[in-house]
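Enquirer: Chain residues, written in single-letter form:
2 protein chains.
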Amino acid sequence: MENRITRLFNIRYPIIQAGMIWCSGWRLASAVSNAGGLGLIGSGSMYPEVLEEHIRKCKEATDQLFGVNVPLSYPHREAIFDILIKEKIKIIFTSAGNPAIWTSYLKEQGMTVVHVIASVKSAKKCDESGIDAIVAEGFEAGGHDGKDETTIFTLAPLIRKAVSLPLIAAGGIATGRGMLAAFALGAEGVQIGTRFVVSEESSAHPEFKKRILEAKDGDTSLMMKKVVPVRLLKNKFSDEIRKMEARGASAEELMNILGKGRAMRGMFEGDMEEGELEIGQVSALLDELMPAGAIVEEIMREFSEAKQELTKL
Amino acid sequence: MENRITRLFNIRYPIIQAGMIWCSGWRLASAVSNAGGLGLIGSGSMYPEVLEEHIRKCKEATDQLFGVNVPLSYPHREAIFDILIKEKIKIIFTSAGNPAIWTSYLKEQGMTVVHVIASVKSAKKCDESGIDAIVAEGFEAGGHDGKDETTIFTLAPLIRKAVSLPLIAAGGIATGRGMLAAFALGAEGVQIGTRFVVSEESSAHPEFKKRILEAKDGDTSLMMKKVVPVRLLKNKFSDEIRKMEARGASAEELMNILGKGRAMRGMFEGDMEEGELEIGQVSALLDELMPAGAIVEEIMREFSEAKQELTKL
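Protein chains in written order, with our numbering: chain G, 1037 to 1349; chain C, 1037 to 1349.
There is no bait here: all hints are sound.
If several chains are the same, the list does not tell them apart, and a pair holds so long as it fits within one copy or across any two.
Quick list of in silico lysine-lysine cross-link-like pairs, DSS-like style, CA-CA up to 30 Å:
| hint | residue 1 | residue 2 |
| --- | --- | --- |
| 1 | K1160 | K1124 |
| 2 | K1252 | K1157 |
| 3 | K1197 | K1270 |
| 4 | K1270 | K1183 |
Source of the hints: derived by calculation from the structure; they are not laboratory data.
The model shown is predicted, which means the values in this text are computed figures rather than measured ones.
Let the hints inform the model, and build the full structure from the sequences given.
Expert: Encoded structure:
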């Protein structure tokens, strides 16, 4: 398959592994890039020197291109940019901020810049900012989501209609059938997070992976809407948030209970009760831990099979 | 196209027009059935004698089969069942209640019984109850939605995996591309609401139709979660609900502000400020009022075109 996304990143398959905090270091990113997709290192949970180490190890583990995800709200973002420039990283995925501020600077450094959005308004801002491709992320995605709660089924065709930029769909996609549905809605690539969290190479804690594989529909919930909406796997901590929100707790109270280090505690250290467990709705569909490369192969095989089936209709 | 859904209802296209309160009377249902889909009269906003009149007029307007949607929570449901039996209605879509209680009775009357669900647990209950087909309705749908907030992108493959019943996808589907995406996810038919609300034959108030065509992404919101979750177009009334919910208002307070007749006032009488306006997220994608028959034709044409495009990948 060849399209604008495979050409933009020089990859075999238009599958991008999401750059996620605490889950996607050099092992996962290099495995996905080696398998023909695009691996991303998630810098949002890394101090600059940790990121530097991951980039170096990733280069040793693959001769393919890989990228780095940088939340623009991240306090260390400028130190991160300096590392990306020094290490000659060619692909950056930015999220959680205004693309107008940094895009031209990053592009002057020779980078391909992709931005994650969840609304038509943000997509148009990307278009004006010179972004190279858009990730449209639906309400069903794990971690931080948009405030409008637009699902990928509605968002993808809206973005396709609003801007002509290459479009990557994210949220709810974990299989070849999901990828095919995203393409039917106008996407040219998919960004997959949850499925890769339960890969062998992900740095998520084994207990977290186990809980994801056990998850059923209704086991995640979009919370903290008064602060920044985030989709979490339900546990003791999320239950506390739910009760606070039901009684009308303020953003400040919610920030206080969140505190510091909750995500690390849950996803990386394996505290399944008090940790923050960011994961997508599609966790309910998953029941097998696999190597990341095998996941890429399985998705592409299922994509082709499902396409053949549709053709016969 | 022929599949389990077209055979079950003896229809040309596997497109079902949702039976919606205040919008889908005999004019809309007969237009859709005449166009080769399945039209449904929405009985949830009708007194039994009003429904009887709609059924008679629908029979005069089409010689094709049509069905009736009955919310099982509706106080008049038994009077409604009696009318359906008397009028020899062969297709009933039930929603908002337990299918185990009524399905065998309705099937003994010779009816094909379809039930609307939003979770794997409910789908399994349908399977045990002898239901003939399932409508899996995602979070993006207008009106009453499930508590789990599972989107159609996640829900459809989960239901496909959990039960072998014929599967109709609903929520977020308004176009041929949407229909194709739903089929990629395992659906064999689609139920479409919002798109038919803005048809010429819908009984929605012209002001309501106008507002739907103007709607952008983010203009609907799932509210009243402490009572029964319902997706509404944002207006003065919904803004009041939003503020009450933010301060932690109780289910009782929310029921009080809702009061009686809000939905009629908004959707049927055209009060755009104080009325309750039930509509789906996909309203953001719509910009043209068309006859229902032309909508069916356009969806099928786009479905075929999009299928051809996918084949070339």
